[in-house]
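Protein chains in written order, with the numbering used here: chain G, 1 to 448; chain E, 1 to 448.
No lab work stands behind these hints, which were simulated from the structure alone. It is possible that part of the hints are untrue.
Some residues of chain G that are not near chain E, with every Cβ distance over 10 Å (derived) [as the list claims (entries may be wrong)]: (1) Leu25; (2) Arg35; (3) Glu44; (4) Glu54; (5) Asp59; (6) Pro71; (7) Asp72; (8) Ser120; (9) Gly151; (10) Glu164; (11) Ala179.
Computed far set for chain G versus chain E, every beta-carbon distance over 12 Å [unchecked claim]: (12) Arg24; (13) Asp28; (14) Arg40; (15) Asp42; (16) Gly43; (17) Asn51; (18) Ala60; (19) Asp118; (20) Leu119; (21) Ser121; (22) Asp176; (23) Asp209.
With beta-carbon atoms standing in for the labels, derived distance ranges [what the hints assert, rightly or not]: (24) G:Ala354 <-> E:Tyr330: 52 to 62 Å; (25) G:Gly332 <-> E:Ala112: 15 to 25 Å; (26) E:Lys442 <-> G:Gly205: 34 to 44 Å; (27) G:Arg313 <-> E:Asp276: 29 to 39 Å; (28) G:Asp118 <-> E:Arg444: 50 to 60 Å; (29) E:Tyr330 <-> G:Gly43: 30 to 40 Å; (30) E:Asp276 <-> G:Ser18: 26 to 36 Å; (31) E:Asp220 <-> G:Thr155: 49 to 59 Å; (32) E:Asp176 <-> G:Ala316: 33 to 43 Å; (33) G:Gly205 <-> E:Asp115: 16 to 26 Å; (34) G:Glu148 <-> E:Ser95: 26 to 36 Å.
Ideal placement from N, C-alpha and C gives every residue a C-beta, glycine not left out.
This is what each chain is made of:
Number of protein chains: 2
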Amino acid sequence: MYVDLGNALSTVASPGVSREALERLDDDVAAAHERIETGRADGEHGYASLNLPETVDPDAIRVAVDRFDDPDAVLTVGIGGSALGAATLADALDSDVDAYFLDNVDPEHVAALLDSLDLSSVVVNAVSRSGTTAETLSNFLVVREAMESAGVDWTERTFVTTGEAGPLRRLSEQHDLPALAVPDGVPGRFSVLSTVGLACAAVQGHDVDAVLAGARDGADSLSGSLFESPAYAYGAAAYALDQRGASVNAMMPYAESLETYAEWFAQLWAESLGKDGLGQTPARALGATDQHSQLQLYRAGPRDKVVTMVRPRERADRAIPETDLDGLSYLGGSSLGDLLDAEFEATEASLADAGRPSVRVEIDRVNERGLGELLYGMEAACVLAGELYGVDTFVQPAVEWGKRAARGLLGGVSGPGSDPETRRDPEEADGEFGAAEAVAEKERLVVE
Amino acid sequence: MYVDLGNALSTVASPGVSREALERLDDDVAAAHERIETGRADGEHGYASLNLPETVDPDAIRVAVDRFDDPDAVLTVGIGGSALGAATLADALDSDVDAYFLDNVDPEHVAALLDSLDLSSVVVNAVSRSGTTAETLSNFLVVREAMESAGVDWTERTFVTTGEAGPLRRLSEQHDLPALAVPDGVPGRFSVLSTVGLACAAVQGHDVDAVLAGARDGADSLSGSLFESPAYAYGAAAYALDQRGASVNAMMPYAESLETYAEWFAQLWAESLGKDGLGQTPARALGATDQHSQLQLYRAGPRDKVVTMVRPRERADRAIPETDLDGLSYLGGSSLGDLLDAEFEATEASLADAGRPSVRVEIDRVNERGLGELLYGMEAACVLAGELYGVDTFVQPAVEWGKRAARGLLGGVSGPGSDPETRRDPEEADGEFGAAEAVAEKERLVVE
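Extracted from the complex, chain G is given alone in its bound form (with noise of 0.2 Å):
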């Protein structure tokens, strides 16, 4: 992974960083990295995530889905980093077997989705580690009656990737379904690099030792100082920036196989970032695409954002042919790749004409290595920003109010979540759940 700071400065961006500043800050970068290095070594909550390319055993995964020979199609059924992990790779891989994922409860997208699928030919795969998460396990239950009815046996194309307990592990033992266990101390959001992110890939026939290959890349990378370590240089200016006003970070690749990789930043962006008023907001954005759509915002609106471009070095390229329409022939004989590079040299150096932040970060291709190494290094990224803004980077305790008022609205017990990272709420003290009466009392103002 490369990362360019050179138009985050301040000699060139308001707001923007002074070298001074980033010195002064690798200070603190070199304690964060002791204290990440800690958190690696004793195997701590969140920080084993940073370990996954030298813990996770591609083996077992690759044990797991042979059993199903030569799928059409994989349906991961997950949601949050159940699903979007492995939705990143697939989006950014080409693959003869496709991939689908049902991450959300819209029933009209679900039957949608079941009635295009010849469901002999799908493989399916159960991701949820408590083994309760409601909207996986309502769509399992609606994926599995389909299958009956198409007359499927789903107990020969099902796998469950899940914990040690729950409902999942107790199904998957009845009915002797594979099962690959989520990893202990690592939150959702990290288990791109696990066997929840990776069981998709392998399915779908991708090199998964590659992936892990490139995400060593970016673990060999970390150390003490972010002048030496592309992901603390990013994550670092990423703080630095936010402090100095750049409450928004953009993340725009430019490939459209990374549109996902954006998605999945945001994730990992806002969920462990996002607390006690703290935090970046991520904007998730597509070069050249969005040039026509947030560009005019980014250069001209509030100066409260850093945009950062991402782009791989090599890539397949496209001719285009040349033409006799009026005015356009400066284009054949260039090509789309061509257009798509001078594209996003053109719109970093617009917004540094404007004097507005961005960094580039570019790696070498889109392929299994590339992405190991740039979902590492963005995660620790986002460890060491984390570790800078000094909030608890691993629990997510604001979304167990919803979760909990929606399982009180269905009927359900409102009990403790079951998520370790999720356990430390302190409303979940409170004793019994109002999430109806919160409902009920909604304040109206309507307009129709």
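Given chain G, put chain E in place with the hints provided.
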């Protein structure tokens, strides 16, 4: 359209707006409405967009596309507003005719898409007002070549949507292609209810008249008071909340089919309002999925957001099968729609509980009529907000610098822009354009 501002009131949320402040703002809304009505009556640039439900000729669209009998798919080649409106309708509505979009110049994506299509049964719509947009014309040249290579007579399967002059217009005359006119005075991001957005829908067999009828419902509900007009209620509240610190507007539909609508909204909002250092930053989210991603930040991060929660009041539903899985019996007998609604209401209550503002927007159903009303309503909301901010809503000068730089980098002449709405860029008076120099001089701070 139904708008509920209850959870954006200062009695609930901070930032929030008081009823008294909304009443005071209503005087400005009345004045803005008068300005908008004058602009509409005079057919002024931009304001003319709000007349489209009356001025567009659906028969002309049908005649143009009826030439293509029984296509399997329609491929729109356009970028920004030339694609996003059509994509919004295509992704929201079911059709037997698939819709594809080339709205980016990623060579790998373009090649993969063209390889996957049977070009003999695809209708191609090349969309560019000026007929010179580099991305669109490059892609069109590539598509044309691919059709020729596949032995398909491209002139039999192509139509254009363009202005009165320019390369695409001339091409249509040379080859007798059906040509739809892009109406005057309608910026791309306001063009969904014109030929630009509706041609694709017509090829897909959607009821274009119903879209326009829904838009007319929206037009009929505009009035001189935010308390009587849902569109103005939304636009005024978004503005008032931004003034009070909600600089980010998270558009969060609870319908998978409206995911692209959120992207359309993001363009509308960013490109119209993001100028003079002003403008609210749109963030795209999707309920319930992003409860497991962005909600932590929305509830516990900086108090700089309003969440706009959109849903249809009716939708097709799907029962969740009964289950004997431990702890999940509460789901059985319920439905995915019930669960999605419970999540919607729980998230709204969760934000209110944390004192974070949200606005509820509902439509009757995600169908042609409901979409027409929603899209028109958001356009009117945006125009109103533009009046309240005092910005020039219908131009996008900041996009131009990068366009010209890209063109310069590719070796084309970087002359004045050809879109009327970008002509007002003061930089265009500067004479020769040094984009290549600006890029070459880029400051660097590289970590790799």
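Cross-check of the supplied hints:
no.	hint	verdict
1	Leu25	holds, 13 Å
2	Arg35	holds, 21 Å
3	Glu44	holds, 20 Å
4	Glu54	holds, 23 Å
5	Asp59	holds, 30 Å
6	Pro71	holds, 19 Å
7	Asp72	holds, 15 Å
8	Ser120	holds, 20 Å
9	Gly151	holds, 17 Å
10	Glu164	holds, 15 Å
11	Ala179	holds, 15 Å
12	Arg24	holds, 15 Å
13	Asp28	holds, 16 Å
14	Arg40	holds, 21 Å
15	Asp42	holds, 25 Å
16	Gly43	holds, 24 Å
17	Asn51	holds, 23 Å
18	Ala60	holds, 25 Å
19	Asp118	holds, 18 Å
20	Leu119	holds, 15 Å
21	Ser121	holds, 19 Å
22	Asp176	holds, 16 Å
23	Asp209	holds, 23 Å
24	G:Ala354 <-> E:Tyr330: 52 to 62 Å	holds, 54 Å
25	G:Gly332 <-> E:Ala112: 15 to 25 Å	holds, 23 Å
26	E:Lys442 <-> G:Gly205: 34 to 44 Å	holds, 40 Å
27	G:Arg313 <-> E:Asp276: 29 to 39 Å	holds, 37 Å
28	G:Asp118 <-> E:Arg444: 50 to 60 Å	holds, 52 Å
29	E:Tyr330 <-> G:Gly43: 30 to 40 Å	holds, 35 Å
30	E:Asp276 <-> G:Ser18: 26 to 36 Å	holds, 27 Å
31	E:Asp220 <-> G:Thr155: 49 to 59 Å	holds, 56 Å
32	E:Asp176 <-> G:Ala316: 33 to 43 Å	holds, 35 Å
33	G:Gly205 <-> E:Asp115: 16 to 26 Å	holds, 18 Å
34	G:Glu148 <-> E:Ser95: 26 to 36 Å	holds, 29 Å
When the structure is compared with the earlier hints, no violation turns up for any of them.
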